Amino acid sequence: MSSTKSMPIYKKFVQEGIIKYKLHEFMERISEKAGFHGVEISSTPIRDIITVYVESPGVMIGRGGRTSKRISDILREELGIQNPYIQAKKVDKPFLSTRIVASYIARRIAKGERYKRVAYSALGRVMAEGAKGVEIRLSGKFGSQRAREERFREGVIYRCGQDYIENVEYAVKHVLMPQGMIG
Numbered sequence: 000m001s002s003t004k005s006m007p008i009y010k011k012f013v014q015e016g017i018i019k020y021k022l023h024e025f026m027e028r029i030s031e032k033a034g035f036h037g038v039e040i041s042s043t044p045i046r047d048i049i050t051v052y053v054e055s056p057g058v059m060i061g062r063g064g065r066t067s068k069r070i071s072d073i074l075r076e077e078l079g080i081q082n083p084y085i086q087a088k089k090v091d092k093p094f095l096s097t098r099i100v101a102s103y104i105a106r107r108i109a110k111g112e113r114y115k116r117v118a119y120s121a122l123g124r125v126m127a128e129g130a131k132g133v134e135i136r137l138s139g140k141f142g143s144q145r146a147r148e149e150r151f152r153e154g155v156i157y158r159c160g161q162d163y164i165e166n167v168e169y170a171v172k173h174v175l176m177p178q179g180m181i182g
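Each residue of the sequence shown is one higher than the one before, starting from 0 at the first, in numbering that gives the first Met the number 0.
Note that these hints are calculated values from the structure, not bench results.
Treat the hints with care, as some may be off.
[Claimed, not checked] Using 27 Å as the maximum straight-line C-alpha spacing, the simulated DSS-like pairs for lysine-lysine come out as follows:
(1) 131 to 172
(2) 92 to 115
(3) 19 to 92
(4) 68 to 21
Keep in mind it's a predicted model, so treat the numbers as computed, not measured.
Could you put the whole structure together from the sequences, leaning on the hints where they help?
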């Protein structure tokens, strides 16, 4: 990260947290087509290694590493990360990642596919990956003037308690359609 020798320790932690947040938001925006799952940053004396977990690493790296070099230049200029090195790692079971499933659903609905077919397809793929349960909520205007919410469930879904806190993940993705916003 950046050199902060004469800074109080609490300000250093706050600054590092802000940089990590900005990095996460930036990488999520850049690697949308690659199926973004998460990002880790680890500092070494020589360089800062940024590991991006994606569904398809080839899309993230680009042809001949051009995309990763361009991302490194942007990170150096905008976030002040000295000598960044971008690694893209493949997620083992992509449909157990809520972010990847949400972006999958959003992409297919944006293409104009029927929302029920997309939701049931995603539901089946998540359960095939080995999840205990899944719930998909879609809300917005689905071909009519009135907005409504649709829920698709399968398996065991925890609603409260320690199991809910530890085991339930969620992600939200918005799609701008001609008739209005779907999320």
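Status of the hints after comparison with the structure:
no.	hint	in the structure
1	131 to 172	holds (22 Å)
2	92 to 115	holds (23 Å)
3	19 to 92	holds (25 Å)
4	68 to 21	holds (18 Å)
Taken one by one, the earlier hints all hold for this structure without exception.
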